[in-house]
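Undergrad: Here is how the chains run, residue by residue.
Number of protein chains: 2
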Amino acid sequence: MIVLLTNDDGINADGIQALKTAFQAVPGAEVFVVAPDRERSASGHAITIHHPLQVEEVDPGEAGGRSFAVNGTPADCVKLGVKALLPEPPQIVVSGINRGPNLGTDVFYSGTVSAAVEGIILGIPSIAVSLTAFEDLDYGYAAKFAVYLAGEVFRRGLPENTLLNVNIPPLAEEEIAGVAVTRLGKRPYENVFERRFDPRGKLYFWLAGENLALNGGPDTDVGSIKDNLVSVTPIHLDLTNHVVVSLLSQWGLVAGKTPPKGGGIQA
Amino acid sequence: MIVLLTNDDGINADGIQALKTAFQAVPGAEVFVVAPDRERSASGHAITIHHPLQVEEVDPGEAGGRSFAVNGTPADCVKLGVKALLPEPPQIVVSGINRGPNLGTDVFYSGTVSAAVEGIILGIPSIAVSLTAFEDLDYGYAAKFAVYLAGEVFRRGLPENTLLNVNIPPLAEEEIAGVAVTRLGKRPYENVFERRFDPRGKLYFWLAGENLALNGGPDTDVGSIKDNLVSVTPIHLDLTNHVVVSLLSQWGLVAGKTPPKGGGIQA
Numbered sequence: 003m004i005v006l007l008t009n010d011d012g013i014n015a016d017g018i019q020a021l022k023t024a025f026q027a028v029p030g031a032e033v034f035v036v037a038p039d040r041e042r043s044a045s046g047h048a049i050t051i052h053h054p055l056q057v058e059e060v061d062p063g064e065a066g067g068r069s070f071a072v073n074g075t076p077a078d079c080v081k082l083g084v085k086a087l088l089p090e091p092p093q094i095v096v097s098g099i100n101r102g103p104n105l106g107t108d109v110f111y112s113g114t115v116s117a118a119v120e121g122i123i124l125g126i127p128s129i130a131v132s133l134t135a136f137e138d139l140d141y142g143y144a145a146k147f148a149v150y151l152a153g154e155v156f157r158r159g160l161p162e163n164t165l166l167n168v169n170i171p172p173l174a175e176e177e178i179a180g181v182a183v184t185r186l187g188k189r190p191y192e193n194v195f196e197r198r199f200d201p202r203g204k205l206y207f208w209l210a211g212e213n214l215a216l217n218g219g220p221d222t223d224v225g226s227i228k229d230n231l232v233s234v235t236p237i238h239l240d241l242t243n244h245v246v247v248s249l250l251s252q253w254g255l256v257a258g259k260t261p262p263k264g265g266g267i268q269a
Numbered sequence: 003m004i005v006l007l008t009n010d011d012g013i014n015a016d017g018i019q020a021l022k023t024a025f026q027a028v029p030g031a032e033v034f035v036v037a038p039d040r041e042r043s044a045s046g047h048a049i050t051i052h053h054p055l056q057v058e059e060v061d062p063g064e065a066g067g068r069s070f071a072v073n074g075t076p077a078d079c080v081k082l083g084v085k086a087l088l089p090e091p092p093q094i095v096v097s098g099i100n101r102g103p104n105l106g107t108d109v110f111y112s113g114t115v116s117a118a119v120e121g122i123i124l125g126i127p128s129i130a131v132s133l134t135a136f137e138d139l140d141y142g143y144a145a146k147f148a149v150y151l152a153g154e155v156f157r158r159g160l161p162e163n164t165l166l167n168v169n170i171p172p173l174a175e176e177e178i179a180g181v182a183v184t185r186l187g188k189r190p191y192e193n194v195f196e197r198r199f200d201p202r203g204k205l206y207f208w209l210a211g212e213n214l215a216l217n218g219g220p221d222t223d224v225g226s227i228k229d230n231l232v233s234v235t236p237i238h239l240d241l242t243n244h245v246v247v248s249l250l251s252q253w254g255l256v257a258g259k260t261p262p263k264g265g266g267i268q269a
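Protein sequence lines correspond, in order, to chains A and B. All residue numbers in the first sequence are consecutive under the working numbering, ending with 269. All residue numbers in the second sequence are consecutive under the working numbering, ending with 269.
It should be emphasised that the hints constitute simulated quantities derived from the structure, not laboratory data. Watch out, some of these pointers could steer you wrong.
Derived BS3-like pairs (lysine-lysine); straight-line CA-CA distance at most 27 Å [claimed, not checked]:
{"hint": "1", "chain 1": "A", "residue 1": "Lys228", "chain 2": "A", "residue 2": "Lys188"}
{"hint": "2", "chain 1": "B", "residue 1": "Lys204", "chain 2": "B", "residue 2": "Lys146"}
{"hint": "3", "chain 1": "A", "residue 1": "Lys85", "chain 2": "B", "residue 2": "Lys204"}
{"hint": "4", "chain 1": "B", "residue 1": "Lys85", "chain 2": "A", "residue 2": "Lys204"}
{"hint": "5", "chain 1": "B", "residue 1": "Lys85", "chain 2": "A", "residue 2": "Lys188"}
{"hint": "6", "chain 1": "A", "residue 1": "Lys146", "chain 2": "A", "residue 2": "Lys204"}
{"hint": "7", "chain 1": "B", "residue 1": "Lys228", "chain 2": "B", "residue 2": "Lys146"}
{"hint": "8", "chain 1": "B", "residue 1": "Lys85", "chain 2": "A", "residue 2": "Lys85"}
Chain B stretches covered by chain A per the calculated footprint, using a threshold of three residues with CB under 8 Å from any CB of chain A [unchecked claim]:
{"hint": "9", "segment": "51–62"}
{"hint": "10", "segment": "205–211"}
{"hint": "11", "segment": "239–250"}
Ideal placement from N, C-alpha and C gives every residue a C-beta, glycine not left out.
The task is simple: from the sequences and hints, build the whole structure.
TA: Pasting the structure below:
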């Protein structure tokens with residue numbers, strides 16, 4: 003069984019190293035790491051088309067396997083791993099373990115999640131794993147859970163066009179209250195741009211997103227983390243709002259040959 | 003009425019200039035352009051958190067209004083525009099006109115669409131507009147349609163968490179067959195990575211995605227473009243696969259206190 007690991011914190015991050023060690027310990031697993039050569043968080047689903055991708059095979063360390071550092075995004079790494087670096091396509095893509103949560107709206111910006119999205123686009127069952135803290139991190143339990151969940155996915159398969167987004171509370175195993183299958187909650191940010199001046203007196207901005215309180219019922223990812231539960235959210239890639247297709251059809255949009263009188267915007 | 007325009011081809015691209023001219027001609031419209039200082043296509047929903055965002059107010063040209071060039075992604079531009087640059091939030095965000103289609107799977111990678119996603123996240127009705135060709139481009143009709151559709155959206159509103167993704171065939175107005183409300187089709191790419199060697203003999207890769215045939219019924223964006231119809235696809239931001247939430251709940255996932263015997267991956 004071939005496993006492709008990637009992340010957005012960069013190939014040397016503790017999270018992916020913990021994941022690698024855990025998967026290497028699984029009998030019969032062949033583990034490949036293809037990950038960004040440096041931190042690529044908040045990279046969304048960017049792919050690199052304007053410059054070449056350079057790949058460096060790096061020392062996989064004690065646990066063995068093969069590791070490749072790429073000067074690209076997490077989505078690049080999955081695409082390149084599947085299409086050019088691995089001897090054959092992996093049976094599963096695991097992205098993480100991210101340092102910090104990927105809850106609610108975070109998934110739009112998350113490089114960790116985007117790697118799993120790319121896996122699904124390429125037809126490979128994929129999961130994204132995040133540890134919901136930024137300090138005093140112990141990836142041990144998260145790595146163990148990732149291996150367990152990967153095994154379940156391998157045995158049962160995943161519905162088409164669906165990845166699993168996993169968030170794990172930063173607790174010792176005995177403090178974890180269980181596992182919840184959740185929907186995405188809301189994780190509003192107060193998007194504050196700090197206004198600063200450079201050494202030449204020129205204004206610039208730096209995003210200083212303040213995370214507001216985690217609100218969400220027990221059925222949401224946000225809520226389950228608050229309750230010390232591992233959150234597993236199925237995320238689909240069908241972005242069409244099928245309900246609104248019908249609604250919009252009633253708008254009677256025209257191609258513009260006969261634009262409505264005074265059509266267009268009236269302020 | 004305040005309109006925020008952005009794109010991913012860069013502030014000097016013909017597409018956004020055509021859009022600006024068209025919106026400036028609307029009585030009462032106050033038009034702001036906040037766009038990347040250079041091409042940012044395939045940037046997905048990346049945002050810039052690791053370095054500062056620099057903003058340059060540039061000459062808006064004959065049509066007037068105000069224009070800002072930002073060294074960031076389309077999503078950055080919308081966030082910064084709404085939160086820091088515009089005197090008050092816009093009533094609508096229009097992203098484009100993109101040079102080239104954003105159909106089917108393209109929307110995951112598209113900087114044009116990601117700008118509209120950011121608009122929706124910020125609670126502002128948003129549309130993304132693309133012209134489905136790369137050469138001999140005439141943005142005139144596309145800009146006209148964008149103004150018309152923005153007017154409809156302004157009058158009628160959009161359902162929560164839903165943007166409109168518009169693709170326009172590269173035809174003269176009289177050749178446009180009409181408007182179709184569609185779902186996202188499939189636009190498979192054959193992801194070929196070209197293997198090349200740098201001047202020092204080192205291997206590198208360059209993504210050379212070959213676009214396969216456009217397949218899709220008349221109810222899809224892909225199909226409607228083939229039929230010379232303007233395609234309007236409602237895209238929602240609810241990524242939870244609600245059906246699969248129930249399904250996964252039956253898996254009986256455990257937190258790992260009692261991992262199943264031989265649990266995890268068996269190769």
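Undergrad: Are the hints correct? Go through all of them and say.
TA: Okay, the hints, checked on the actual structure:
| no. | hint | result |
| --- | --- | --- |
| 1 | A:Lys228 with A:Lys188 | holds (13 Å) |
| 2 | B:Lys204 with B:Lys146 | violated (49 Å) |
| 3 | A:Lys85 with B:Lys204 | holds (19 Å) |
| 4 | B:Lys85 with A:Lys204 | holds (19 Å) |
| 5 | B:Lys85 with A:Lys188 | holds (19 Å) |
| 6 | A:Lys146 with A:Lys204 | violated (49 Å) |
| 7 | B:Lys228 with B:Lys146 | holds (21 Å) |
| 8 | B:Lys85 with A:Lys85 | violated (40 Å) |
| 9 | 51–62 | holds (count 6) |
| 10 | 205–211 | holds (count 6) |
| 11 | 239–250 | holds (count 11) |
Hints 2, 6, 8 from the earlier list are contradicted by this structure; the remaining hints agree with it.
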